[in-house]
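Colleague: One letter stands for each residue in the lines below.
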Amino acid sequence: MIIQLFLIPAVILAVVLSLRSRQSLRGQARRKIFAAITVVAGVIAVIFPDLLQVIADFVGVTRGVDLMLYALVLIIIYVIGSTSVRFREQEARLVRLTRELALAEAELHWTQQDPAGRSQSSRRTSRQ
Amino acid sequence: MPDAVTTDYDDVVVIVRVFNEAPVVAGVLKELLAAGLRVIAVDDGSTDASADEIDAAGAFRVSHPINIGAGGALQTGIEAALRFTSAKFIACFDADGQHRLVDLIGMIQTIRQGYDVVMGSRFLDGQPDMGRTRRVLLKLAARLTRRGGSFALTDAHNGLRIFTRAVAGDIKLNHAGMAYASELEEVLTRSRYNVTEFPVQIVYTDYSLSKGQPLLNSVNILTDILAHRVSARRQR
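Order-wise, the sequence lines are chains C and P.
For the first sequence, our numbering begins at 2 and goes up steadily by one.
For the second sequence, our numbering begins at 205 and goes up steadily by one.
Just chain P, with the same shape it has in the complex (with noise of 0.2 Å):
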């Protein structure tokens, strides 16, 4: 990345959700800081070296006592981010490796272009390198959390995305689990938000498949994502 490093990123903080992330985490922070980011790294109460790992790494840490899940972590970040940094940006990536910096510098200066909300995109460029099964369920995952009038999503529950300190201030997750990327989704795609999507790759390595979400996972967050539209339903 020649130009990440000449680059100032002063602009932006990027918020990283940690959780028994050991082995990669201080790879993936290095890389991050090394590109001149600035960092939160939420350590989501591991109970393994991550911590130390953070601290080694030079990342900012705000450790959570207890695990609380990643929608509750990703909030914390997102808290921390108003309430430390003046960042006008704020992004959101990985711990485990399996987004790629290069995705992340192309989307921040899509954002600087005056966009409110960059999401990042597996299925902009064409097919990627993944299961049916699992693309089936990502579109169908999609397709669910579209509404009327709001920005139509081509990827769903992609960890990769960059948003505004106005829209930052606008989420409240209430889900504290895995589901609260639908419900962050939803928030993002507000038809009041000039939203556009990013092509991005996601790395498949066997750390990060052997970590990610199994596939049987989807049903629990396709469920999650429909008892979320009643109660939501409910609450108008």
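Just chain C, with the same shape it has in the complex (with noise of 0.2 Å):
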């Protein structure tokens, strides 16, 4: 069957790609471009439900419902792993500023109590 040659390559690159980074222009104009073929697809796939049939039955699937399913399928792996990326990549920003935060906060303690960097020390003489 087509279907099968199709669709294991299909799978594998729909994780590849939806693992990659998300910054490169490339890679958002592609996204873009493949975002608009999905929605004409869709229209088409409405105005001509047979289309579908004939597609269906050209790969070797029973079904054209089969084939939207399968196509479900590769797109719900793509955006699941391009929308965890792009979480860690904010996670990854939330991070830096969140230390950025606290080292300047932690800058002017650190220069206030003793600019040689010996507070503990003497502070903890005077405590004791």
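Bear in mind the hints are in silico, worked out from the structure with no lab data behind them.
Here are the computed lysine to aspartate or glutamate pairs in the EDC-like style, where the Cα-Cα straight-line distance is at most 20 Å: (1) LYS376/P / GLU90/C; (2) LYS343/P / GLU387/P; (3) LYS234/P / ASP256/P; (4) LYS376/P / GLU92/C; (5) LYS292/P / ASP320/P; (6) LYS376/P / GLU101/C; (7) LYS292/P / ASP215/P; (8) LYS234/P / ASP215/P; (9) LYS234/P / ASP214/P.
Given two chains presented individually in distinct reference frames, assemble the corresponding complex, making use of the accompanying hints.
Modeller: Pasting the structure below:
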């Protein structure tokens, strides 16, 4: 069946592409083109319902709906993967921001307490 | 610790990560400070009284406004140590009281002999007092992180470590969560560093056991190690 030859690399491709960094401009453009094709294909499938069955017959899938299901699974895999990458990138930014905030605040205290960096021992002896 | 009080530890700064450890953190910090060690406590957005306890103990506190995870907190501590102190050696010590001061002092004395990195290991002195599953998993993690040419650690994810200032400058942890330990070990055991291990004991108190990582979390850590290796390979 043609569909098997197509689906297995497609699943792998969906995983790999989705896990790529989202920074590159080329990747952004590719995703927009992909989204546009998906929308157009959806509209065509609605206007010509039989077309889906024709394609399904051609690639060796019983029903047109099954073919759509396969496409849906691929899209979901891609979306989950790319969302998790975006989430991780966001988290890394948050970590850097938090660290800078903490260090900036700590720096104020450090210079106030003692510029030589011997605050602990002097403070400790005064406490004891 | 009789000689601990008399020895000078000007060249050392100890980083203690703190996340909701209010019941024990002051005791741990006081013990370190009393030994004459400089301490930077990184409060990783604790929601309990940890920050007050750190201040009460008299340690220098760096506070994250929000919780970002163990690796993120350690990286902050390292950067604070580099930015604010001129310490030659930077040590990591756990806030929950599972590490012993004597072990840290032994490691300081060891690194002063000219090592770049000294890692604590629970497995150098025979079999430690821990469950069999935990032991097997730690050994497995140690083996997984081993690479050609790098120093072969006998323990994994031991929080007690000390390294030189130069090594600290090379540490750029990407993993904000618990999987940072594998990432850190990968950096610390690079073949160009002079690495050694030091036998340490972990005090498994009821408190540290209740706070510590549940065994099931090792699944998370193992998958994180593997995921990290895959992504690291892609970068090269």
